[in-house]
Amino acid sequence: MIRVAQLSKRYTAGNGERRVLDQVDLSIPAGNSAALVGASGAGKTTLLNILGGLDLDYQGEVEVAGLQLRGRSDVELSGFRRDCVGFMFQDFHLLEHLSALDNVLLACRFSAAAERRQFAQRGRQLLAEVGLVGRENERPSALSGGERQRVALARALLRQPKVILADEPTGNLDPATGQRLMELLEKMLRDEGATLLIATHDENVARRTDRRWRLERGQLIEWVPA
Amino acid sequence: MGAGVNALLAAIGADVQRDRRGLALAAVGVAIGVAALTFILAAGRGAERAVVDELLSRTPINVVRVEPKVGIAIGPLRWDAGGLLTPAVDATAVKELERVDGVAAVYPLANAGFPMRAQGGKSVLGHDVYMDMFAFGVDPAFVAADVDAAKFVDPGAGSEAAVPVVVSSQLLNIYNRTVAPAVGAPRFSAEAVVGFSFDLFLGESYTTGRSNQRVQLTVRVVGVSSRVPLAGITVPIATLERWNRTFAPDKKQVYSAAYVETRSPREVDAVVRRADALGLVVDESARLVGGIIRGTTAALSLIAALILAVAGLHTAQTFEARARARRKEIALLRALGAARRDVLALFAGEALLVGLVGALCGVALGLTGAWAAASALRQALASLPFAPTHLVAIDALVIGLPIAAALLAALLGGLGPARRASKLDPAAVLAGGHG
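So the sequences go chain by chain: D and F.
If you're matching positions, the first sequence starts at 1283 in the numbering used here and goes up one per residue.
If you're matching positions, the second sequence starts at 21 in the numbering used here and goes up one per residue.
One or more hints might be untrue.
To be verified - DEER-style ranges, computed between Cβ atoms:
#1 D:His1483 with F:Lys443: 28 to 34 Å
#2 D:Glu1474 with F:Arg41: 37 to 43 Å
#3 D:Arg1285 with F:Ala448: 24 to 30 Å
#4 F:Ala448 with D:Glu1498: 21 to 27 Å
#5 D:Ala1394 with F:Arg293: 53 to 59 Å
#6 F:Asn26 with D:Arg1499: 48 to 54 Å
Stated by the list, open to error - Example chain F residues on the side facing chain D (calculated, C-beta under 10 Å, incomplete):
#7 Gly141
#8 Gly146
#9 Leu356
#10 Pro446
Hint data in this document are derived by calculation from the structure and do not stem from the laboratory.
The C-beta atom is built at its ideal place from N, Cα and C for all residues, glycine as well.
Kindly generate the complete structure, drawing on both the sequences and the hints.
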């Protein structure tokens, strides 16, 4: 579950101040999916960063997966990101020097050996589920854009997060590949029971979610596709 | 992520596997510094042992003569050239000197507080010699290396036995080289003078006349030593103190000097400093030995500090570059749940590992170099009569100091980049900014 109340965020640029989020209210029930659409720079990524506990400089209340994020220590927020949130990025952000499987396992880099072994098994299983069976040891450079984003999806799901925050996950993919990725994401979400918030330019992607908002001049407006 | 030690080691191990060349290069830089430090320490301490323990130990350089400043005595105090009242060498000063670390023993040198004269020599010179005499008293243990301790003991008041005396080997040398040839007298070896006896008149002098008390007794030479004063005779200190109580009862017992024997010449500097603090003076050779040892230690410390700084800078540069190259990885790790302290521990752990590997390799390299240099030097010096046996020294300091220095340098060098890496703003870096 995601709940946001009176969330405001300002950036200082030169002598002026820009309000990217202005007293935003938002609520997404657990297990639901939602989409944020809006122009570039509208504040979609900023909102996702706040919800993921990466950006702490805001006003208002933010509760994600039952945790109030304000006033938490770095260790608490790190634990929250590790255990409760799965991130997907537009640029995939896979590390070139690691294999597909090691990229998936990044979130348990500092885990004990037994836990790592356990997650390695799940990582292989997830890679198989996203259609990358036998490609675990490939470096990202040997994978296509769609395959890389599927690795990123497996990484986001590794620790069975309660919330997935996806920032333009199909932005660098051709429409057909993007479509396939969304089908895969929906299937995995059904299996895992996670809440999804997706920031996208693509109205076709947004149409597939349970709820949709447009972010415009710092305000969230319910968006109903034509 | 609150990583445990095992998990952290596994993460460090994974990084090492991935970037073996980069980390090896960093370790090479540390190893070179450590090798240089090890070489200098091994060779320097070897040379120190060769000079201090082997060469200097053949001379009585670990015996420091401590005496009052030259001046006018007023009771136990003296008026020195600087115009200050300065303390004498008395029982308190002796106790203070005994407390200095490394001091094996303190031997006060007492002098007679009354006049005396000597008469005798007919049996060996053919005629008697008459002269005023100076007498000193020392602990028999101080001359035990030269004189049979069983023979150099106070005979006690009222004893008929001859009083044992020791004469200076330098005095005998001067007599043999200058006096004997000038007056046509025979020369004597150290063994030949032992057993020679003459009369001593306490409380009587050719220059100052008689005192109220006068005692005649016989003294017998029981040994020759380089440790006793040049002018006069030296008796057991118990004998001299007994005489002083009889012939100079109003004078407080102070000593003309004290001989401080240290366990090795290394401790001489501490004695010099303590004597300075007590307002006493020491002979310049002792000050020189102290200065040499202090200077060597200071030079080694300076070299160690410089190498530590260079190794630290090298590690800092390496890890700064690594942190820059790994910004995206660090940001990603943070976004995926690594806490700042995990990143800090990862970088600091890698720096320590580099320091440890560099230190071990460096110590091995430095010792090998020192051994090689020592064998070459030993061959070159083989024909010298006093070729030192210690050319390199390997002890806890030679191995421990470079390792500790390397670990400290690596940690100090790696900590700054580690802290900066842990403070990266993951959102900004992943968005393509600088974080």
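Are any of the numbered hints broken by this structure? If so, which, sorted upward?
7, 8
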